[in-house]
Amino acid sequence: MAHENALAVRAWGFVHSLGQDVWKGRLSCKSAQGALRADTENLTDFVPKKNLRRMPHYARMAALAAFRALSMAGEGGPLGRSDLQDAGALRNMAFVIGTAYGCVQTNLDFLDGIIESGPGLSSPSAFSHAVGNVGAGLVTSLLGIEGPCSTVMLFDLSFAGAVTAAASLLGAGHADAALVGAVDEIDARFSGCCPQILPAENSSSESLPLTEGAVFLYVERAAGVCGNLGRTPRLSVCWNDSGRILAPAGAVVFGQEREVLYGHGPLTQALNVLAAVTRIGGGSTNVFVCPAQAGSGGRRAVVEVF
Amino acid sequence: MRAVVTGTACLCAAGDSPQAVLRAMTAGGVCPNDGRTLSEKLLPFPVFTVPEHFFPGGRRHSAHDTLVLAEAVVRQAVLQAGLDDDALRDAGLVAATTAGCSLHFLDAYAAFRGGADAADLHDRDDYFSGNLALELLPVLGGPRLTVSNACTSGADAVGLGLSLLATGQCPLVVCVGADALSLVPHTGFARLTVASPEACRPFDRDRKGLNLGEGAAALVLEGEASVHARGVSCLGHVAGYGAASDAWHLTAPHPEGRGLARAVQLTMQDAGCRAEDLAFVNAHATATRENDRIEGSVLRRLLPDTPVWACKGSIGHTLGAAGALEAVLSLAALNAACVPPSQGFSAVDPEIGLIPTTEPIRRGEPFALSVSLGFGGGNSALLLQRGDA
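Respectively, the protein sequence lines represent chains A and B. Heads up: the first sequence begins at -1 in my numbering, then just goes up one per residue. Heads up: the second sequence begins at 126 in my numbering, then just goes up one per residue.
Hints were generated in silico from the structure; no laboratory data involved. What you are looking at is a predicted structure, and each value in this text was computed from that prediction instead of being measured. Treat the hints with caution; some may be incorrect.
Unchecked claim - Partial pick of chain A residues on the chain B-facing surface, computed with a CB cut under 8 Å:
id, residue
1, S139
2, L152
3, C191
4, A249
5, S294
For each residue, glycine too, the CB sits at the ideal point set by N, CA and C.
With the hints as extra help, turn the sequences into a complete structure.
What follows is the structure in structure tokens.
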């Protein structure tokens, strides 16, 4: 894979319905039926509770993961605390979210309103909180990020798409750094009706519980980072529809089979990348490749972590 | 970096080609309708619709309708650019939509609530095809992105396409913005009290809100080397892009237009363009009270001598398509050296003090700026350059 547009991962944060040790153990899929919700209580460590009023769960997950990544970047990472406080670093920071389905709960709340009460009595607030970029809009306001902001929606390729968009914005000079990640939530109404979220027939993940969460990485252009990157994890995305996984010899493949750790849902690629990032950050010398595919034509993208 | 535009296409209520739309705008008289072809339940706020024959087999009131519009313009733009399957093999695709991504499954959801089996719903392809970037141009092998940034989506798709080229991730990129109308977004804007009960009047003193519209537009962008190697015509350039967030409020623009001003300045800097090089600014100008007041004050402050063209009075607010559609129309107006009138405007709002074009004006400057603002506090600007400049 070409690495001209590789991103250096300087910090990360996440929240997941299976907790902060999501990838450490094997999920007991037979005993954990149904849907599992992520706990965002700790968001008040970063923001006064009053500022979170009316913020939907989807955006809370995104905000918590983003705050954790920024906090890690500020604690011995590339950003000093003062950088975050005087907003200088935030002015040239991009924010890119990948999401398969967006803010599902408020979306369905709005549709419920139309169906139950008619268009004239539906909730305007539910509508404004149902647009595709509601998470990006609310989180950039909360964090004070003033750079370019994008939401990429590509089903299970949403994270790969977000990383591609972030690499493009950084490489073209539109931002100095980016928070890039993925967020998706579950809702019983949606998982009941939406064909996209049903596990494919004969899928090994058929009996896995639905899970949700958010992953954010604080990234800079690897080529632009001053000094020796050492074992700083780096990311690169390769898009290909050939059906082959492009992996260097000896690379470790983190694929869809790792859903048995995370549960079923569109976050698998982002979680696989995060697992690889933390391994490299912990001293692993392996190269990891994290493939995913989506769409009726089986489009593919591989995120390589090295 | 600037990209060469080798193919453009558009489809909206005012026409099915850039030239046809500009002619209709210049002639005036493109009017919104009551939207009854969309739904009997539509609230009484008029819309600009694409003629029904552009939906073969009829509308399906799902994300599929958006895909149909997008396919139509992508086909035309790729044809104009002279691209065959081989040329598309390494190309990228950036698509933009708002409602097309997440708001178009009311019928399926209502059926589910009524007891329909999920397996039956699974047979419908409308939801898989709802993702434009994953479904359009199957032959294409480069990066595929679907951007859903509310009303800046179309401009951001073009800006990200330019960035993909600038970073060498693909030799050419197809950028498309599309949104078909349906009951869901129409209801949403009406309930937010930003929809007008009559034809919209951008920048006008008595404006009452926006009219939604629907449509699609596509641009093929290439680097100079690719254009030279293929020997194709240059229709113009995308010469700059800038984006900035307000970091302020989900639905209201920053009171001083902080993000918009920054997006405009970044875009001009990106291309080294001066105000006197601009033929016109294509304003977002939705005709809502707040958008026009703040956008107008920013444009008056930053570009006081540049003509402003507000085109949503002729095509409505086409949401995810808007930024791409208005970029295509701006490029066509640049190449014609003529800026169309801004339909709907008649009285100056003293709070804004801005008079958009009221009749066709000749302008020979090489650049035009097209700006977009969106829910979520996004602001984006594109700099377009005439083909012969």
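Taking the hints in turn, this is what the structure says about them:
1. S139: holds (5 Å)
2. L152: Because about 6 Å separates A/L152 from the closest Cβ in chain B, which is inside the 8 Å limit, the hint holds.
3. C191: holds (3 Å)
4. A249: violated (21 Å)
5. S294: Hint on A/S294: holds, closest Cβ of chain B at ~4 Å, below 8 Å.
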